[in-house]
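Residue-level listing of the chains:
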Amino acid sequence: MQDSLLPRLAAYREAAEGRATIRQYPHQPLPPPPGLRGPIRIDPGKCVGCGACATACPAKTLTLDRSTYTLRYSIARCIYCLLCMETCPMKAIDTIPEYEVLVEEPVTQVVEHEPATCTKCGSRYAPKRLLEEVERRVGRKLPHLRTCPACKLEQAALISAMRVLRSRQRLGRSR
Amino acid sequence: MGRMKSVWLYHLNTGGCNACDIEVLAALSPRYDPERFGMKLVESPRHADVIIFTGPVTLQSLPRAIEVFRVARPIGVLAVGACACGGGIWHDSAAVLGGIDPFLELLHKQGIPVPEKVLKLPGCPPRPHAILYAAAVLAGVIKPRRGGASGQNICSSPSPTRGRQARRET
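These protein sequence lines are chains G and S, in that order. When the letters of the first sequence are read in order and numbered with my numbering, they come out as residues 9 to 183. When the letters of the second sequence are read in order and numbered with my numbering, they come out as residues 197 to 366.
Because the hints were derived from the structure by calculation, they are not lab data. Please read these numbers as outputs of a predicted model, since none were measured by experiment. Certain hints may be false.
[Unchecked claim] Below, simulated DMTMM-like cross-link-like pairs (lysine to aspartate or glutamate); rule was C-alpha separation at most 20 angstroms, straight line: (1) K68/G to D288/S; (2) K313/S to D288/S; (3) K99/G to E113/G; (4) K339/S to E112/G; (5) K339/S to E120/G; (6) K313/S to E120/G; (7) K313/S to E112/G; (8) K201/S to E231/S; (9) K305/S to E106/G.
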C-alpha cells in the first residue's frame, strides 16, 4: 500500500499542475517500478561455482554441470522468484529490473569454472574457486581439500586401520 | 494486408494456472487500451491473426490446442509466461509437453503449418505492460527496444563468461 500511494499522489500533483499523466506506453519506454523482479545476471567474477543457486531454483533453469562445473542460466523457464539471489553465499547474482523481455530464442548465460583435480586419482571433484573460498573463510591452507571425497575416505580408512594395527602391536608388546 | 493493420488476437490457454491469462486480459482492458492498435480478442480461432499462447501444454489440453492450430492459420504466436516459453516449473512433469517448442515440433510432424513468427515473453506472469509491448512488436506497431527482442542486455553475454580463476590463467 505504501509504495503504491506515493506514485498515485505524484500523479494527482501532475494532474493538478496541468501536466499530462497519460503515457504513450509502447511508444515511449516506461521505467520499471522499484523492486521489480526481473531476470537475473550472474557476476562471473564473484561466482565460485558452489551450485547452491542451482539447488534452490524451482524451475531448474539454473543448472550446474557437475562434470565441467559450468553454470547455465536460461531465461525461458525463469519465474523470477530470486531464490538463487537469496541463496547465493557470494552475492554474485543480481536481478535486472526489466520487464520487456521479449525473445525469439531464450537467452542464456553460461559461466564456466575451472575444476580442481584430485592430487591422488586426478578426478574432477570441485571448482577451484570454491576451494579457495573455503580456505579464505577458514583463514588457513587446508591440504586435505586437495583430494577428492573418495580418495579422502580411502585415506581416512587407511589411517584408522593403521591406528588399530599399531595399538594392537603396542598391546602385543606390553603383554 | 488487413492482417498487418489490425491484429486480432485469440487467447489459448493450454493448461496454465490462469495467472498469465489474468494478465493477458488485464492488458486487453481499457486501461492499457490495445484497441488503439486495432487489437481485439476474438472468440473463434478462425478469425485470429495472432494466438496468445499460455500454459505448459498439458496432455488434457493437447488435442484441443492442435485443433486450434489446425483451423487457425495464424501469422504469429506469442508465448506468454514461463510455462509457455519452456515448461516453467512443470518442465519435467510426465503430464506436460513442456511449452511451445515441443508443441510446434509436434505440429510440424503432423503436417500442420507452423506460424513463422514465434515470440516468447518469459515471466511468471509477465506484466500487462510487457504483454502490450509484445503484442505491439508482433503487430509491427513499434520496433523492439534494446533489451527487448534482441535480448542482448538481458544477460551479459550468450557466449561463455569464465570465472575469475579461469580468466587469470588465460
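Evaluated hints:
1. K68/G to D288/S: Between K68/G and D288/S the Cα gap is close to 9 angstroms, so the pair holds against 20 angstroms.
2. K313/S to D288/S: Given pair K313/S, D288/S is violated - Cα atoms ~26 angstroms apart, limit 20 angstroms.
3. K99/G to E113/G: Distance of about 28 angstroms is beyond 20 angstroms: violated.
4. K339/S to E112/G: OK: K339/S and E112/G at ~14 angstroms, within 20 angstroms.
5. K339/S to E120/G: violated (34 angstroms)
6. K313/S to E120/G: With Cα atoms ~33 angstroms apart, K313/S and E120/G exceed 20 angstroms; violated.
7. K313/S to E112/G: holds (9 angstroms)
8. K201/S to E231/S: holds (12 angstroms)
9. K305/S to E106/G: Answer violated: K305/S to E106/G is near 36 angstroms, above 20 angstroms.
Of the numbered hints listed earlier, those contradicted by the structure are 2, 3, 5, 6, 9.
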